[in-house]
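Asker: Here's the letter readout for the chains.
Number of protein chains: 2
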Amino acid sequence: MRMELIGLKSRLIRPGDDVLEVLEGALEREGAALEDGDVLVVSECALATAMGRVVHLQDVKVGRRAMELGRRYCISPELMQLILEHSKMVLGGIEGYVLTLRDGFLCPNAGIDSSNAPDGCVVLPLDDPHAEARSLREGVGKRMGVRIGVVISDSRTHPLRLGCVGIAVGVSGFRGIVDARGQCDLFGKKLAITRKALADNIASAAQLLMGEGDEGVPFVIVRGTGIEIGDIEEGIETIAPQECLYFGSLYFGSISPSELELP
Amino acid sequence: MRMELIGLKSRLIRPGDDVLEVLEGALEREGAALEDGDVLVVSECALATAMGRVVHLQDVKVGRRAMELGRRYCISPELMQLILEHSKMVLGGIEGYVLTLRDGFLCPNAGIDSSNAPDGCVVLPLDDPHAEARSLREGVGKRMGVRIGVVISDSRTHPLRLGCVGIAVGVSGFRGIVDARGQCDLFGKKLAITRKALADNIASAAQLLMGEGDEGVPFVIVRGTGIEIGDIEEGIETIAPQECLYFGSLYFGSISPSELELP
Numbered sequence: 001m002r003m004e005l006i007g008l009k010s011r012l013i014r015p016g017d018d019v020l021e022v023l024e025g026a027l028e029r030e031g032a033a034l035e036d037g038d039v040l041v042v043s044e045c046a047l048a049t050a051m052g053r054v055v056h057l058q059d060v061k062v063g064r065r066a067m068e069l070g071r072r073y074c075i076s077p078e079l080m081q082l083i084l085e086h087s088k089m090v091l092g093g094i095e096g097y098v099l100t101l102r103d104g105f106l107c108p109n110a111g112i113d114s115s116n117a118p119d120g121c122v123v124l125p126l127d128d129p130h131a132e133a134r135s136l137r138e139g140v141g142k143r144m145g146v147r148i149g150v151v152i153s154d155s156r157t158h159p160l161r162l163g164c165v166g167i168a169v170g171v172s173g174f175r176g177i178v179d180a181r182g183q184c185d186l187f188g189k190k191l192a193i194t195r196k197a198l199a200d201n202i203a204s205a206a207q208l209l210m211g212e213g214d215e216g217v218p219f220v221i222v223r224g225t226g227i228e229i230g231d232i233e234e235g236i237e238t239i240a241p242q243e244c245l246y247f248g249s250l251y252f253g254s255i256s257p258s259e260l261e262l263p
Numbered sequence: 264m265r266m267e268l269i270g271l272k273s274r275l276i277r278p279g280d281d282v283l284e285v286l287e288g289a290l291e292r293e294g295a296a297l298e299d300g301d302v303l304v305v306s307e308c309a310l311a312t313a314m315g316r317v318v319h320l321q322d323v324k325v326g327r328r329a330m331e332l333g334r335r336y337c338i339s340p341e342l343m344q345l346i347l348e349h350s351k352m353v354l355g356g357i358e359g360y361v362l363t364l365r366d367g368f369l370c371p372n373a374g375i376d377s378s379n380a381p382d383g384c385v386v387l388p389l390d391d392p393h394a395e396a397r398s399l400r401e402g403v404g405k406r407m408g409v410r411i412g413v414v415i416s417d418s419r420t421h422p423l424r425l426g427c428v429g430i431a432v433g434v435s436g437f438r439g440i441v442d443a444r445g446q447c448d449l450f451g452k453k454l455a456i457t458r459k460a461l462a463d464n465i466a467s468a469a470q471l472l473m474g475e476g477d478e479g480v481p482f483v484i485v486r487g488t489g490i491e492i493g494d495i496e497e498g499i500e501t502i503a504p505q506e507c508l509y510f511g512s513l514y515f516g517s518i519s520p521s522e523l524e525l526p
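Read top to bottom, the protein sequences are chains V and X. Counted from 1, the first sequence has number 123 at position 123 by the working numbering; the numbering is strictly sequential. Counted from 1, the second sequence has number 425 at position 162 by the working numbering; the numbering is strictly sequential.
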């Protein structure tokens with residue numbers, strides 16, 4: 001069982017760029033070609049930049065709530081305003097970051113990127129990353145004649161762990177989550193609740209080649225996963241806050257602080 | 264830039280097995296060999312099984328607190344007792360799972376595995392996974408004459424996201440977290456806070472080949488990462504709860520529920 005990852009360096013992506021054209025250039029530079037069954041991972045920040053989702057902070061009109069929350073969390077009022085506009089809810093925060101709810105997922109600062117944006121600018125997240133993944137998949141199909149899956153990736157942290165891992169914000173062409181319930185374990189017992197976050201693991205694998213800074217690798221080909229590619233558009237399922245182990249335990253606080261110490 | 268992952272199937276691992284011997288058998292079966300610079304990912308559950316960390320639930324003596332919490336979260340009192348013994352703190356829970364603090368990290372049910380354990384048994388997590396990673400690395404060095412890095416991997420979920428991703432519980436031979444602060448972004452701005460969870464991304468990549476059920480792939484070789492391998496034993500750094508965006512926002516509740524709705 002072997003899997004291969006190929007990182008594709010590209011030229012600097014600018015607003016208005018045709019991503020498929022940039023991809024073709026990157027493939028040529030690496031001497032690589034997409035093949036049937038590949039999964040193409042694309043950085044959300046790069047894609048959003050090409051789509052013109054770059055905002056000059058000085059152009060943002062700031063409201064009262066953004067002033068207040070910006071002050072509380074040491075975030076510029078302009079950025080805080082954009083965070084409020086691009087999230088459903090702000091749950092709290094720490095210095096420099098608020099935790100927001102966006103499309104049912106948690107993300108820091110509504111997924112707005114301050115790095116890899118031109119001076120004084122930020123890059124907004126995609127409005128509908130699954131639709132963009134689909135459009136890329138279909139574009140690659142038409143232009144290069146191959147059936148691939150697409151993952152649009154961003155970075156997140158795990159609670160209490162230092163460092164960013166890759167995560168899938170958009171998926172097209174395969175099931176991003178594999179239901180392993182009913183499959184047997186090594187001893188023949190049926191797995192009761194296991195689902196595998198296939199698209200997230202792919203995004204993490206790709207991040208090993210993408211990096212976070214000036215590496216300039218917005219695309220990674222993941223080959224040999226054995227994933228079945230097709231016209232599958234299932235997105236990524238969320239868990240209701242009450243049913244999420246982290247959220248349910250931390251936010252709804254089912255154990256009171258006075259009970260916390262163990263005997 | 265190319266990276267390769269090689270999954271190694273093994274025979275069923277039993278308590279008392281010599282893991283290096285099992286690894287040699289798996290390499291032979293795949294027709295593969297470890298090379299200098301490789302990172303070897305090993306499943307914690309497989310390693311813990313070989314080390315005899317398998318407990319019959321019927322042998323567990325249950326205390327009052329375990330009875331009480333087990334009832335509250337629909338967890339068998341025996342398993343709940345083991346969870347209490349192998350975690351520092353139980354923070355809360357949902358049906359079937361409690362969120363525990365263990366070595367500064369959050370994990371469900373103290374990292375105790377009910378799947379891939381013999382009937383009526385569970386597999387306890389390793390007491391010191393970094394030390395086990397080191398011992399494996401040194402063992403491979405002596406027996407096969409290669410300098411590799413080792414990651415011991417387990418599964419976790421992201422808050423509100425369905426599905427398991429790979430995570431590193433033990434690391435040896437390289438820096439599991441890469442500090443990218445000071446590196447420049449695409450536009451020459453210095454990254455202010457970025458760290459990359461290299462070991463977690465490697466564990467996630469490996470999980471694409473490992474699976475969660477009867478796949479029987481306890482080892483994955485990750486080749487071509489460009490990681491510098493050496494006598495590096497830094498473990499994985501935790502974030503203090505107050506400084507963690509998730510924990511700080513959800514648990515310490517810096518925004519009161521009445522403030523939550525946006526204007």
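By construction, these hints were calculated from the structure, which means they are not laboratory data. Here the structure is a predicted model, which means the values were calculated and not measured. Any given hint might turn out to be false.
Taking lysine-lysine and the DSS-like style, the derived pairs with C-alpha atoms no more than 30 Å apart in a straight line are [stated by the list, open to error]:
hint	chain 1	residue 1	chain 2	residue 2
1	X	K452	V	K9
2	X	K272	X	K453
3	V	K88	V	K61
4	V	K61	X	K453
Asker: So, for every hint listed, does it hold in this structure?
Answerer: Each hint tested on the structure:
1. K452/X <-> K9/V: holds (19 Å)
2. K272/X <-> K453/X: Violated, because 43 Å separates the two Cα atoms, which is more than 30 Å.
3. K88/V <-> K61/V: holds (19 Å)
4. K61/V <-> K453/X: Status holds; Cα separation ~27 Å.
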